[in-house]
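Let the hints inform the model, and build the full structure from the sequences given.
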Amino acid sequence: MRGMSLPRVAGAVVLCAALVGVGTVPAQADDLSSGSWYYDRGHVQDAHDAGYTGQGVTIAVIDTQIDTDVPTLRKANVEVAPHTPCYAPDGSALPPRSTDPATAAHATDVASLIAGTGAADAAQLPIRGVAPGAKVLFYAVGGSITDDHTFECLDAAGKNQAGAPLAQAIDAAVAAHADIVTISQGTVVDGDITDALVRAYVHGVIVVAALPNDTFAHDADLLWPVGANGVVAVQAFDQDGNIAATDLGWKKTPSTSEHVKIAAPGLGILQQGAGGSWDVQQLRGNTAMSAAVTSGFLAVLKSKYPKATGNQLLQTIIRNTGNSHHEPEWARDFGYGAISLTFMLKDDPRAYPDVNPFFETAHPSGLPLPNLEQLTKAGGAIASPAPSARPSTAATAPAAAQGRDDGAWMPWAIGGAAALVLLVGAGAAILVSASSRRRRQAASAAERSEGATDVAYVDEGVSR
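Reading the sequence shown from the start, the letters are residues -29 to -1, 1 to 435 in mature numbering (1 follows the signal peptide of the UniProt record, and there is no 0).
Rather than coming from a laboratory, the hints here were simulated on the basis of the structure. Note that beta-carbon positions come from the ideal geometry of N, C-alpha and C, so glycine has one too. Please note that the accuracy of each hint is not assured.
[Stated by the list, open to error] Pair by pair, the computed Cβ-Cβ distance ranges are:
id	residue 1	residue 2	range
1	D126	S4	43 to 53 Å
2	Q95	D126	31 to 41 Å
3	A94	K46	16 to 26 Å
4	D40	A127	27 to 37 Å
5	G27	V251	31 to 41 Å
6	D142	D40	26 to 36 Å
7	G247	E298	41 to 51 Å
8	G247	A93	16 to 26 Å
9	P324	D250	48 to 58 Å
10	P60	H148	30 to 40 Å
11	D2	K223	11 to 21 Å
12	D126	V251	28 to 38 Å
Here's what the structure looks like:
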């Protein structure tokens, strides 16, 4: 694998843009009550009641230091790796845990959205994980916060490390048999990370990464691993259907990207810790939250279809966005669309090919690594590249990706006049095709053999 590596690029490991404190709103009681919209509108409780909680699935979270003593994580299934590759400026090793919200809130938020039990102290609201049945393996990479809100990972000599720590964490997750790896950190294009991604793909591991929150960083093509081939690069949106935006002072610019693959709830989310105290709750938002929700939804999907491969889960996610089942369509804002747990659970992944749909023969950045040749030499199961489904680079989300609602539930959709300005041209949702129905019918016998049952959902206003 060493002969296939890109040149090692020196530089600090940094979070994808300024993630800590991005998108926060005043911690007022009336505001906090809306912070569980991701859970309610996604019908997450319906999936849990049907028995699909992410059980039997392992998610590796690579992030900054964490505090697992917040209420929702005290009894959660979170296993923290005992060591971190990062050191303090004085040369002492940084622990993976921290009781300081300024240092640990980001990772704690991510873990809470995945595995949180919903336990809450008196007078506080519950923070509920979307996949509380999953096992979370936590790897701390990064510690001290710099003035520009990036996170340093210093070696013992006090020098910033490049991609090696992230690569080591990915390798550790693969060795621990993780099914999904979620990362909200990034660096410049790095061969160590590229090699680790190839090893993850060979073992069938899904890699989810948060896009930068800064629209000007999206297409810099120097953000690894979120810009790498095969990675699920996740966009964030709020409860009104507005995607993450960069505040220029005089206006806000939607954070569109050539790299985006899927969009998920990530803005206006209830989280623990603010103002230096864990006793305070706030609404926060960034793409790290959307990456966490995406990873949790994938775990819930796999808990219903445990024999589906990681690639097949990804094939399902891009065909079930917005408020419909449809063939994949891509755009620069929502990627293949807004994630829908409801429709994903209704569509058996085993009917789709075992091919990563985000593994393109022509990478939009012109950097085709990790490429098919690397994967084949490493023993990967993918025999042919996935077809690219990029019909245009317009900043308009496809109608199928957006979906529409007749009032029973606002899906992961576009809503409000402001959103319509950004997403002109939305149309009716594409209905389930006959061929899709045949695929699901063909897989139904296999599904019954696994003991899976259907989830009872309220009407989402989609004609099927």
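Taking the hints in turn, this is what the structure says about them:
Checked against the hint of 43 to 53 Å, the pair D126 and S4 passes, with Cβ atoms roughly 45 Å apart. The given range of 31 to 41 Å is respected by Q95 and D126, whose C-beta atoms sit roughly 39 Å from each other. At about 20 Å, the CB distance of A94 to K46 agrees with the hint of 16 to 26 Å. Hint check: D40 to A127, Cβ distance near 28 Å, so the stated range 27 to 37 Å holds.
For G27 paired with V251, a C-beta distance near 35 Å keeps the hint of 31 to 41 Å intact. Remark: the range hint 26 to 36 Å for D142 to D40 is upheld by a beta-carbon distance near 28 Å. For the hinted restraint 41 to 51 Å between G247 and E298, the CB-CB distance of approximately 49 Å keeps it satisfied. For G247 and A93, the hinted distance range of 16 to 26 Å is satisfied, since their beta carbons lie about 21 Å from each other.
Taken as a hint, the range 48 to 58 Å holds for the pair P324 and D250, whose Cβ atoms sit roughly 50 Å apart. Taking the beta carbon of each, P60 and H148 are about 35 Å apart, inside 30 to 40 Å as hinted. Against the hinted window of 11 to 21 Å, the Cβ-Cβ separation of D2 and K223 comes to about 19 Å, which satisfies the hint. A hinted range of 28 to 38 Å for the beta carbons of D126 and V251 is consistent with their spacing of about 34 Å.
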